[in-house]
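Visitor: If you read the sequence shown in UniProt numbering, its first letter stands for residue 1, the second for the next number, and so on.
Be careful, since some hints might not be right.
[Claimed, not checked] In silico DSSO-like links for lysine-lysine, alpha-carbon gap of 27 Å or less:
#: 1; residue 1: Lys4; residue 2: Lys91
#: 2; residue 1: Lys48; residue 2: Lys60
#: 3; residue 1: Lys48; residue 2: Lys4
#: 4; residue 1: Lys48; residue 2: Lys91
[Unchecked claim] Here are the in silico distance ranges between beta carbons for each label pair:
#: 5; residue 1: Lys48; residue 2: Glu73; range: 34 to 42 Å
#: 6; residue 1: Lys69; residue 2: Glu25; range: 49 to 57 Å
#: 7; residue 1: Val64; residue 2: Ile89; range: 34 to 42 Å
#: 8; residue 1: Glu72; residue 2: Gly20; range: 53 to 61 Å
#: 9; residue 1: Glu72; residue 2: Gly97; range: 39 to 47 Å
#: 10; residue 1: Asp10; residue 2: Lys91; range: 20 to 28 Å
#: 11; residue 1: Ala96; residue 2: Glu72; range: 31 to 39 Å
#: 12; residue 1: Gly71; residue 2: Ser50; range: 45 to 53 Å
#: 13; residue 1: Arg17; residue 2: Lys69; range: 30 to 38 Å
Worth flagging that the hints you see were computed from the coordinates, not collected in a lab.
Computed from a predicted model, the values in this text were never measured in an experiment.
Ideal Cβ placement from N, Cα and C applies to all residues, glycine included.
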Amino acid sequence: MSDKTLTRMDLSEAVFREVGLSRNESAQLVESVLNHVSDSLVRGETVKISSFGTFSVRDKAARVGRNPKTGEEVPISPRRVLTFRPSHIMKERVAAGNKS
Numbered sequence: 001m002s003d004k005t006l007t008r009m010d011l012s013e014a015v016f017r018e019v020g021l022s023r024n025e026s027a028q029l030v031e032s033v034l035n036h037v038s039d040s041l042v043r044g045e046t047v048k049i050s051s052f053g054t055f056s057v058r059d060k061a062a063r064v065g066r067n068p069k070t071g072e073e074v075p076i077s078p079r080r081v082l083t084f085r086p087s088h089i090m091k092e093r094v095a096a097g098n099k100s
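With these hints in hand, go ahead and build the complete structure from the sequences.
Guide: Structural data, given as structure tokens:
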């Protein structure tokens, strides 16, 4: 596996190179898209990006967990969690990338 991490700066640089906007406009565009996605998720909406995947928020109920070291039961409070489900196209692209 690669140690490379894709950052906001990498995304805005790609927009700059491929779309032709200025670096400042590219950074603003990337920031705007990410804010829009995150605001939608905060509102509990599902975000579906074709050929990429679906982000959604799930409500998890309270439950009793267990400390694996001591065996002591510990209450786990209810919470909202972010989930991502990749599209079939994304799964295939990632699997094909592993073969080379």
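Visitor: Of the numbered hints stated earlier in the document, which are not met by this structure?
Guide: 11, 13
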